[in-house]
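Reassemble the complex: the two chains are provided individually, in unrelated frames, and hints are given to aid placement.
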Amino acid sequence: MPYFGSEEMVKELKRALSNPNVQADRLRYKNYITKVIRYMTQGLDVSALFMDMVKASATVDIAQKKLVYLYMCTYASDKPDLALLAINTLRKDCADPNPMVRGLALRNMCNFRMPGMTEYIEQPIVAGLRDKASYVRRVAVLGCAKMHSLQPNTDIDGTIVNELYALLRDPDPVVVVNCLRALEEILKDEGGVVINKPIAHHLLNRMKDLDSWAQSEVLTFLLRYRPRSDDELFDILSLLDSFLQSAHAHVAVATLRLFLQLASAHPAVQADALLCTSAPLLATCGAASRELRFAGLCHVQQVMRSQPGLFGTHYKRFFCGYSEPTYIKFRKMEILVELVNDENVALVLEELRSYCTDVSPELAQAAIAAIGRIAQTYSEKCLDILTGLLALKQDHITSAVIQMFRDLVWFCPQSTAAVCQTVEACVDSPQDSEALLWLLGEHGDQISSAPYVMEGYIDGLKTELSSAVKMELLTASVKMFLCRPAETQDMLGRLLHYCIEEESDVCVRDRALLCYRLLQRGVEETRKVVTGPKSDPSMSVLTGRQEEPISQWASTFNTLGPLSGCDLCPQTAVISAADQPSSSAEKELLPESTDVTLSSPDDTEEEISLSLGPPLSHETFEKMWLDLEILQRQTMGFPRPRTALDTLQAALQLVKIQTLAFTPGATVPWKAYIYTRSTGTLILAELLQGDQHAPGIDESLVVSVKQQPVNQHAIRGFVSILKGVLQTLNVDSS
Amino acid sequence: MSASAVFVLDLKGKVLICRNYKGDVDMSEIDHFFTLLMQQEEEGLVCPVMSHGNVHFLWIKHSNLYLVATTNKNSNASLVYAFLYKLVEVFTEYFKELEEESIQDNFVVVYELLDELMDFGFPQTTDSKILQEYITQKGNKLEVAKTKVPTTVTNAVSWRSEGIKYKKNEVFIDVIESINVLVNANGSVMSSDIVGSIKLKTMLSGMPELRLGLNDRMLFALTGRKNQTILHCLSDELMKRISPTNVKPLIWIESVIEKFSHSRVEIMYMKTDLIQSLSFSLFQAKGQFKKQSVANNVEIRVPVPSDADSPKFKTSTGHAKYVPEKNLVVWSIKSFPGGKEFLMRAHFGLPSVENHELEGRPPITVKFEIPYFTVSGIQVRYMKIIEKSGYQALPWVRYITQSGDYQLRTNS
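Line by line, the protein sequences are chains F and D.
Take 1 as the starting number for the first sequence in our numbering and just add one per residue.
Take 1 as the starting number for the second sequence in our numbering and just add one per residue.
Because the hints were derived from the structure by calculation, they are not lab data.
Straight-line alpha carbon distances no greater than 20 Å define the calculated SDA-like cross-link-like pairs of lysine to any residue that follow:
hint	chain 1	residue 1	chain 2	residue 2
1	F	K188	D	N74
2	F	K188	D	K73
3	D	K14	D	Q104
4	F	K35	D	C18
5	D	K61	F	S323
6	F	K66	D	Q132
7	D	K129	F	D211
8	F	K66	D	Y134
9	F	K316	D	D405
10	D	K129	F	D209
Chain D extracted, bound-state conformation (with noise of 0.2 Å):
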């Protein structure tokens, strides 16, 4: 691993605020990153590692904020990615929003955190819960050092204080299965597939020892005693049991446009660029899946041209809005039973002058959540819990099926 200094900085490539962790890179080496930065932006071939000299950076962004780590080591670079994201998931934990504003405003906290986070360049406590215990926001207000510093910090399970207790014990299970889509402008499935992941929000006194038990031999111990374990488990094998073909797209959504133009003469001397050109289209949303579940929070992204105004929508069901600056329109519908059909109606001005420049032709996006409906069928059978008390817990069980990357391309 070992980072030898991490930054923040914002879009223009100024340094907000800098930790040097080890001392072992040149602080103002920071100065090549944003020029190497531009320099492959423009090149357009930018990368998340560069280089100058025996310095590498390696950078994300998030919001209005590049954050970069430094390393003259060949040290693990997803293990670098893995944390710079751990620092915006701590972050935004403590300020709702990470960006420019939330640094400036909470700088004392960030540099606390940034002290604790890491070490010398090895990451050390990055639980944000653990965190929260010990390093607060009270902007004003003066604390006197407790006196005792949290169990966590000092236990042998780095994750959990001791001597929780909860009234009542439980455990909430959401199953939750995304779908990854990408359909093919002519209709056919480029590829799909589901990416499961078991979340757990664990109410449990003590020091338990968790074993969840799913159906079709699919057991997962998850000795953790975490609060929250993750467990992503590629579809394949799942879908492999459950169907041997790929999963058909839950919603299917077809479109129609059509374009039509027709010149209203109104002055004699007028210019072709007041004759104007329609474009009329259609959607149609379909949902494939079964008739009982509901699909929840639809929301259709369509793309239209750039130069596209006065719109106006008809829809069976739901309603659609036009977000001129993303240049979309976004049909949402609450509720969207499965095996119905639903249409649009979207009407658009055109601009007879065609658009010389390029456009890329974005794909329609979808998102939804179908509560209690796995599309790979998996069940949790039983969970058990280990804990020298020996009480029993009460486990709830959400299954939930949900949009991950959902594509549908258009022509254009």
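Next up, chain F with everything else stripped away, as it sits in the complex (with noise of 0.2 Å):
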């Protein structure tokens, strides 16, 4: 409740209304009603005067009708029965002279949100739909989609269906518009608007007398259509080629769909839209509100996913100002590391290292993480840069440069060098220690003062207060011990005394019992359990990208979906999913795959579903991949199809298994990551062929397999549907 005395006001309010001094002075009893609704707006509840102001819309002033009329729309579904009294004063002016009078009560009417309400509209909405006024037969037909969201489960009336689908006739554009809209809502259980041959041509031929809003609209709509012959398709084409380069951002971004979507199998068409588009698209990049421009920049990022040399020329254009706020920066940075090239990264790399001594440390580490990112491939610029930031000694650069350096050791094992030499120089202020840690300990061999370091790290052990950091200095002491164990040995010691007798944390605690009791065993065991590879270059796969086809992004372009991340969107990425078109050819590649749920051959009681979900990142699939613990490793027996790689792609996508990245058809070994989603976890995979540390089996193809969370049955059933898959391509292709 705002304030106290709400009630007397309410009261107050009534006698006024009811007052026939009041009700005369027509000017004084306007005033009460604006202060009905100021009251209405502030969050009063002032429901109690719903019948004198059912009383007050018996007026000839149009501005009171309204607001007696907003009125009723808000306290309706609160009192039915007293709104039932209403209806009749608006049924009658539903019949008023007056056009806008008519208009203004008919919407009104609809916006009624209670039950029962659709008996009375029903005969004013049919009249309104054969109104001469087509302000009349816009609401009306807008009307028909408001009864129909009132009993969303009843049939569908076939005649107010067929009266909207000729009323796309209609010589008001905006009538036609509605139309579209309303029967899309009607309809949408059966898969919304139909548009038929006639209909789209009509459309089409109304395009240049629609505002905006409604070319936009129209033109999603037409992404229905498919077009008879390519002569048609053509024809349609050029009719909308202007529409490319329109003045208004959404219905250029718009044509580009509807051009993607009908000219799928002409590349050619494709790549000409998509360059057409690009100016316009590079403006909204630049508009004046942010939203847009934010908007531009996600549209932008989509069009790279398949052609990422398209804006390579206009890099500079996603230089951050420095008003912008930083959700727009963010994008800009992710675009610039993908347009790098050898010509502009010298530019680039400047730009991004003046970003990186920005006030907002989010912005700094963001800009650090995108240097981190082009340094896998020119790594030696990089990490010029990347050292000279060292030297300004803020807390939160060097963190990220460090793990920058982790991850670059990680990924180009040639660097190691370069970045040991700086890692020595900078280490006296350790900032970031998880990512220190593990390159001490890593490459402890290279970086002269490591056990030093380490030494301070252990020494105030007392007051490190983060567990991931401590379990990370045991695997790094032990690694060091490995190397170099006259300097540690000592420290370890003491290391293992405090976590183990001292240490609260059970985790850490059962860590460094491993420890030591893998040192008991001796130091051959241990350095068997305790060093893995030490870079792993073929990782780098899941970072870079390549070109994916058109349709994979194709039909979330121009909605929500680019701009929320596909994290926030489920239920997008499903639709998407499941609107994926799939060719013909690959239907008769798999004639008995095509089925989501399939029955395994291995296990026949046992059967499972799996379905794409959400997309998932690059990044976060990296991240998970490190995280967990494979599973279950099985080797194919035989090798990985001959098939071209796309096409093993598409088939694994038609059992709902999403390709995220692949080593180059040719190379030894051939890697791929493939997910998908079972009942509630999420299933992670390698494909793996020719591994080098396992002869002997080197033409034969090896899965690992990781999963969140662990459900086996799911890994056998995903397991047996992926065999099926594999082996139906290898009979297809030899």
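What follows is the structure, encoded as structure tokens:
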């Protein structure tokens, strides 16, 4: 309740409204009504005045009418019995000679959201559809949709649907578009409004008359239409050509989406359309409104998934302006990283470097991460910059840089020496402990001061709060002990003693006990367990992107999806996965596996269904892959299918297995990373062929599966489905 | 499209006014908006799209208001933003300034407008010219419903009333080019482009169709019978034809900042914080456009540290003003002929104690307007008007080059 005395207020208003003297003075009367609405806006409950307000609707003053209608719409659902009394007045207004009044009454009557309204509004709506004023027709058409939404489970009224289809030929453009919108709502369960050839052509011809909202929406509806022949297709495309360059970004983007969809069989046309739209898209990226600019950038990112080179020459447009909000800057940096090439790398890096010293630590860290990603291709230049940043001695910068060093060493072993040298020089101010400790442990032999830094950590162990750091410290010390035993032995002893005797965190204690017992077994045993690979260049497959087919993203283009990031709107992604058009060729290839639910041949009673769910980003996948343990490793017993890689990808997609990344065709070892979902669990898998570590079976494909959360049943099902697909492809290709 | 509801919130997240269009999203969902926003602001990761459950909030901020649209569908985001900006535009046209007070003072009109602008989540009549024909602000006056609906509302052409008559048929064409420039601290031009637009103000009778011919095969058939057609074309294509390289920044600014400190010992036990360091700056602006042209209303905004005091200025032309609340020095020059150079000396006192908080280094921004001049050299060659009655119309063409996003970065 906003303030005390509201009951008094309502009573007073009630008295005033029912006072005949006030009612006689129309201006005073209206002022009281305005007051009621003001209280309503402020959140005060004035529903007690319903009867008096209904009486006030009988007026010639249109503004007063609107206010009263608004009042009635707001409280109708609370007071359905009283609202019924108002309906008579409204129905009378629906027959008013003034079309404004007719439209107004009809619109508000349809806005009453209460059960049982349908029987009262049906007749006025049908009359409204045939009204001679287009203003009323507009309202009536949407009224049909509102009526349906009041009773979503009733049968669809065929006569109204037919009438709406007929009204698509209305001279008023807004009526036409409203018809589409209403039909879409009413026929939602049947797949929405049907766009056949005459309707499509009619709409195309009316395009020029429509306002920009309508154009945008009609273009979206036209996505449903499949032209019969190439001639028709090209006629449509040339008709829409001018809209690609529309002044309104949303129209241009909607047109682009339609082009991409219609011309899915003509890659050259798609490429042309993308080229054409690049200008309006870039203009949106520089739009005055931040949100539209953001939307533009998100769409640019989508386009770049298939055509990374399209914006290459315009990279300077993605330099950040000072006053731009961080969400725009983040996107711009992501785009810049993708656009780097031999010619512009110097300028881009110089620009990114200037962001590293930004006031906002988030931005600075993001900029450093961006440089780190570029470093995987241009390591030397980036290393110089990153090293230079260390000299600034800012905590957040140093920690971000060291994290980048760790990733760099992991992905590009050739830069290890340079990184070690730098770390050597900067370790006096350790910041991000985990990454630094990992580096020290892994490459302690190349960093001469490593044991002393580590000793500093061990001495300060009592004040260390994070258990993750302690665990990393344990592992790193053991590794260090293996390569430089003389310098490390003493402190390792102290460390183990402390962690086993005094540490309260169970995880740390267990890790310490593990290390201790390992060391008891002997140095060689320990070495076998503790030392793993020092780097894995093939993992960079995950971070490097390859070109995706346009169909991958075209279905969510120009929606909320690209903006909110796929994690935010799962239902979108599911829809997009279901929408994926499967070409007939693939169906022939895999006649039996088009069904999502497969019964596994190995285990007949177990049945499992896979689904795609929201797509995983490369980063998430990478992180999960590194975090999880391998649950099952299985040799398939046959080599990978010799079909083209996109066929493999498409085939896997059919059984709802998403391919994230794979190495190009002929490389050895060949790797592919795939994932899928099944009843609440996420399955990640790696396909590997020609692993050097396991000779003898190098012709056979090895599958390693990781899962979160663990569900053995799902894994068995997944492996058998995967096996089925690969075998089918093998049979097909041989 | 389809927005379920539209809200106008004040800076504290209180709903000032709202309109439930579709009824498929609970109106109380808006309570989550502000908490989400606060949370994101704390993390420094504000995003114009936010989601709570299956409800998505798309929002913009205008002066001291948040305009929020909610939806539970995968609707077209750019369309929703465009609509929210349209709301701002319409409200601004009605109330001069859109802010908390104007919403509260005019809530009746706001309700009326919200009712007409959108129905069931779909934009309907959004042209403020047409809206003004039948939604008028007459505060306390009674208005009897007009017996005639404005023809526009029922017209086939939604943006123009029929039967408009002018004594003199005229068209005013503004060719406007905004220059966006980003110059690095070391003086290299990072990016520069022109965004060109053609604006028309037509005073033409009836329902004319207008065609514009521009030079160099740049023919735009502006078949819009709209009152105002804005045509955006990205400059690159224009520029390619005019000059293969990028545009030269039209106004060039060089700044020298010297810092020196000297101590005055007045009392024996004086502390260091009485020692002042003085900053002395010299700014030089140079017009790099054609000699015949004159840039008007040039405004050069130079950022200064937030702890600067006792400003002193000396300028060779125009005048400089210190705006402490924005930490800016604004140097305005009424008219700036091409090829000239002007100087400003600014002198600030700075406390010798270094400000520990990191401060950003905002760039120098420049605003200007150069009439009768286009960078791309675009020209209107002819204009044709086709109307039933076949009258002649007078075209008035004006070329303006103005500053868009014109930034020159500074070294600390």
